[in-house]
Amino acid sequence: MITFERVTKRYPDGTVAVHALDLDVPAGQTMVLVGPSGCGKTTSLRMINRLIEPTEGRILLDGQDVRKQDQARLRRGIGYVIQQAGLFPHRTVQDNIATVPVLLGTSRSAARARAREMLALVGLDQDLATRYPHQLSGGQQQRVGVARALAADPPVLLMDEPFSAVDPLVRGSLQDELIALQAQLHKTIVLVTHDIEEAIKVGDRIALFHPHGTIAQVGPPEELLGAPADSYVADFVGFDRGIRRLSFVPATGLPLDDGLVLDAATTVEQARTRDQGEQWLLVTADSRPAGWVPVERLAGLPGDMPLSQVPAEGFGHAFIVGSESLRVALDAAVLSPAGVAIGVDGDGRVLGLASFEDLRAAITAASKQELAVLAGGPGQGVGASQDDDVITEPVIGEEPGGQPQAVTGQEDSQPASSAGAAP
Amino acid sequence: MSFFSWAWDWVNQRSNWSGQGAIPQQIVAHLGYSGLPLLIAALIAIPAGVAIGHTGRGSTLVINIANAWRAIPTLGLLVLLVVLLGFSALTWLLPLVALAIPPILVNSYEGVAGVDPGVRDAARGMGMTTWQQVTRVEMPVALPLILVGLRTSAIFVVATATIAADIGLGGLGRFIIDGLSSDQYGQVAGGALLVVLLAVLVLVLFAVLSRLLVPAGLRTRRREG
Amino acid sequence: MMWSWIPENGSQIWQLTQENIYLGLAPALYGLLLSLPLGILAARWRWFYPPVLTVTNILYAVPSLALFIALIPSLGLTDTNVIVALTVYSLCVILPNVVAGLRSVPEDVRQAATAMGYGPLRRLITVELPLAGPVIIGGLRVGVVSSISLASVGQLIGVSSLGYLFVDGEQRDFPTEIYVGIAGVIALALACDLILVLLRRLMTPWMRERKGPAGKVAAPEGAPELAGSIT
Chain A
3 MITFERVTKR YPDGTVAVHA LDLDVPAGQT MVLVGPSGCG KTTSLRMINR LIEPTEGRIL
63 LDGQDVRKQD QARLRRGIGY VIQQAGLFPH RTVQDNIATV PVLLGTSRSA ARARAREMLA
123 LVGLDQDLAT RYPHQLSGGQ QQRVGVARAL AADPPVLLMD EPFSAVDPLV RGSLQDELIA
183 LQAQLHKTIV LVTHDIEEAI KVGDRIALFH PHGTIAQVGP PEELLGAPAD SYVADFVGFD
243 RGIRRLSFVP ATGLPLDDGL VLDAATTVEQ ARTRDQGEQW LLVTADSRPA GWVPVERLAG
303 LPGDMPLSQV PAEGFGHAFI VGSESLRVAL DAAVLSPAGV AIGVDGDGRV LGLASFEDLR
363 AAITAASKQE LAVLAGGPGQ GVGASQDDDV ITEPVIGEEP GGQPQAVTGQ EDSQPASSAG
423 AAP
Chain B
350 MSFFSWAWDW VNQRSNWSGQ GAIPQQIVAH LGYSGLPLLI AALIAIPAGV AIGHTGRGST
410 LVINIANAWR AIPTLGLLVL LVVLLGFSAL TWLLPLVALA IPPILVNSYE GVAGVDPGVR
470 DAARGMGMTT WQQVTRVEMP VALPLILVGL RTSAIFVVAT ATIAADIGLG GLGRFIIDGL
530 SSDQYGQVAG GALLVVLLAV LVLVLFAVLS RLLVPAGLRT RRREG
Chain C
18 MMWSWIPENG SQIWQLTQEN IYLGLAPALY GLLLSLPLGI LAARWRWFYP PVLTVTNILY
78 AVPSLALFIA LIPSLGLTDT NVIVALTVYS LCVILPNVVA GLRSVPEDVR QAATAMGYGP
138 LRRLITVELP LAGPVIIGGL RVGVVSSISL ASVGQLIGVS SLGYLFVDGE QRDFPTEIYV
198 GIAGVIALAL ACDLILVLLR RLMTPWMRER KGPAGKVAAP EGAPELAGSI T
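Residue numbers (the working numbering), protein chains in the order written: chain A, 3 to 425; chain B, 350 to 574; chain C, 18 to 248.
Quick caveat, the hints were computed from the structure, so don't treat them as lab data. Predicted, not measured: the structure shown is a model, and the values here were computed from it. The C-beta atom is built at its ideal place from N, Cα and C for all residues, glycine as well. Don't take every hint at face value.
Here are the in silico distance ranges between beta carbons for each label pair [to be verified]: (1) C:Thr131 to A:Gly302: 53 to 61 Å; (2) B:Phe436 to C:Ser177: 22 to 30 Å; (3) C:Gly175 to B:Gly435: 24 to 32 Å; (4) C:Gln35 to B:Gly407: 35 to 43 Å.
Here are some chain B residues pointing at chain A (derived, C-beta under 8 Å) [stated by the list, open to error]: (5) Gly467; (6) Val468; (7) Ala471; (8) Arg473; (9) Gly474; (10) Met475; (11) Gly476; (12) Met477; (13) Pro489; (14) Val490; (15) Asp532; (16) Gln533; (17) Leu561; (18) Pro564; (19) Gly566; (20) Leu567.
Go ahead and model the full structure; you've got the sequences and the hints to work with.
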């Protein structure tokens, strides 16, 4: 959809903001440009809608050189969201949102109706329509900014650090809403951020910039986490990339043992008879996890006491089998005093337990599968891309268990199938 | 007797309200001698200030004007032109326009230059042409400051037109200057009181104008820290 | 333009200049002395400022000649008359800057000073006023420049200043004299302005000269957010 062809931006004083950039932004996906301050990511973004003109090279939008079109015309067809929202303070919220439709010739009343639709789309109350921007909170203003960018239904959306100016809690929910919107609208989004976590969370593909205007790596998030092209990428992505990569591995194939799971109404006496040597017992209420009880605690208690009255330890959280990732499962196990993750269904009902050992096996299997795909082997990719510009030099990585695994191509041509049957 | 009793007695005298050069005529004349230069100055200074604010070019000139204009002695300027060119429409109109321009120019520039950079970037990035950016976004947002500039200028022109009576201009200053030379303090005080009332009226007018023209969104705007 | 006239009347010109300096600087100084306490109060008690501001706005709108005349019954045709009137104008210009300057002191700086044990008065004198200094001097500049220029209007009620050269020049139909008067007033005003700029730079070694607009023309609009302009 958007193509950068050897784009360079050189300023009169000699600074090179962007150097011979080649980049492909596929249609209908979110491409995140990420990197340190001054790396050229914002400059690159602003060259798409010609707020900055390249010194060399060209940018194609839907096959056409962006310079062929009149600037104002071009920009009306591209949504633009900036960090400070840039809402017009002298106009109401709805008139702000209606700006581009009005520019394109829509009648004011039709544009306002559209504006109110957009308010609903970004999750804002209709009675904000006649308020002024200064009456809104930071998060609300950002949402209005997004609504304004989408009002004329442009196929492309450019976002320049859209969530950096709001506090972390609001930022998280804005990111979630963007992901939800994108699932609905399938726009081509180019988003600039300095926050690698945001990039990983929101992006379908990430372009990580070197400090001075060139790209270090382009690929889907799990690839940057799992197979960083060089130490710069590995460092930028963060020291715990191994664990974070697990967010992209679904927890479906995890074997779930029954373990000692008893309802709260069970008496201590009955519990003792069921004990088969476990150290921990999971108490459930209405099939939902209530707490962990160390089995030895049952020793001195009266036999007819129901488990609901036995003091229990908190269980942290559970993981939803089938939709949540291995990372969530791992975290659940870490938080549990029993060292066991509780697998639940969509309603929160216990399906089974997964121990550290089960998790370890699943993680190893997932890594093998991923590396196999990256090395060009057959099998289902766990989100790995097939594009040519992905750097596929296998990396000598460390598995969480501390066992280095060198991969030399076709070694694991058969994806490990005991665990981790790919979706 | 106090200033007010002198003035009040004189203003209340019926004879001062009829005949040539009486109170009503001078009030109207003063309005004209103030209003016309203000209008011309606004037509020159607002576009100039807005253009400089939008492009950023010429801002040093505006800054220097801001500093220098208050230093110019209005009486001296008026007197100079009269002595050089004799009394004519040009001799009073030109200096009054020239002196009315700086406040409007500087405030129009400040108003536009002070528009939040994010707002200007958004307007440009959304596909507004330069004209649309200026007329639909920058000027409306700059409106409060532009009005302040117009108000400052209006007050200043009313005051200068008063002084211009010294070089022969009509208007309320006439009462003051003539009264001073003929030692009639009543007339002097009366003229002064009327000028003050006129000036206060201008203030009120601009307050009302501001209330009417400035949208609620701009009135309580606070600058983001 | 008769250049010879200047040295011939040098002493008179100098005399008038001195009078003009006095009529220009004294009001600005008095205006500052009045603005400081008022401004400190207004910065501290928010409710106090708007009514005070309304009063100064109205006073500032009064044309200078009219104000001189209004003061005649009580102060006569004297220097004091002009000085009082010009002090009022200076107050109108400097007060908003005092308030804006004090309010512009970052809250965390104030709190740090308090936390370190500064009492309110000491904090005011050693921390807040110095930090508000540049803004206050900005107002002072406007006050000084306008006073020097407006003093010449006082000539119309007989109070002597460089304005004498205008009135006399008009009577005698003598442009040279008028040129000298105008040049004198402008030169004087700009010289004082420059001195204040240097004073500001001396006072604030921690501040680099910012390329912001200086000495705004906005009427002493109380809301610094709107005037945006008080430096």
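Structure-based check of all given hints:
| no. | hint | in the structure |
| --- | --- | --- |
| 1 | C:Thr131 to A:Gly302: 53 to 61 Å | holds (58 Å) |
| 2 | B:Phe436 to C:Ser177: 22 to 30 Å | holds (26 Å) |
| 3 | C:Gly175 to B:Gly435: 24 to 32 Å | holds (26 Å) |
| 4 | C:Gln35 to B:Gly407: 35 to 43 Å | holds (38 Å) |
| 5 | Gly467 | holds (4 Å) |
| 6 | Val468 | holds (5 Å) |
| 7 | Ala471 | holds (3 Å) |
| 8 | Arg473 | holds (6 Å) |
| 9 | Gly474 | holds (4 Å) |
| 10 | Met475 | holds (6 Å) |
| 11 | Gly476 | holds (3 Å) |
| 12 | Met477 | holds (7 Å) |
| 13 | Pro489 | holds (5 Å) |
| 14 | Val490 | holds (5 Å) |
| 15 | Asp532 | violated (55 Å) |
| 16 | Gln533 | violated (52 Å) |
| 17 | Leu561 | violated (14 Å) |
| 18 | Pro564 | holds (5 Å) |
| 19 | Gly566 | holds (3 Å) |
| 20 | Leu567 | holds (5 Å) |
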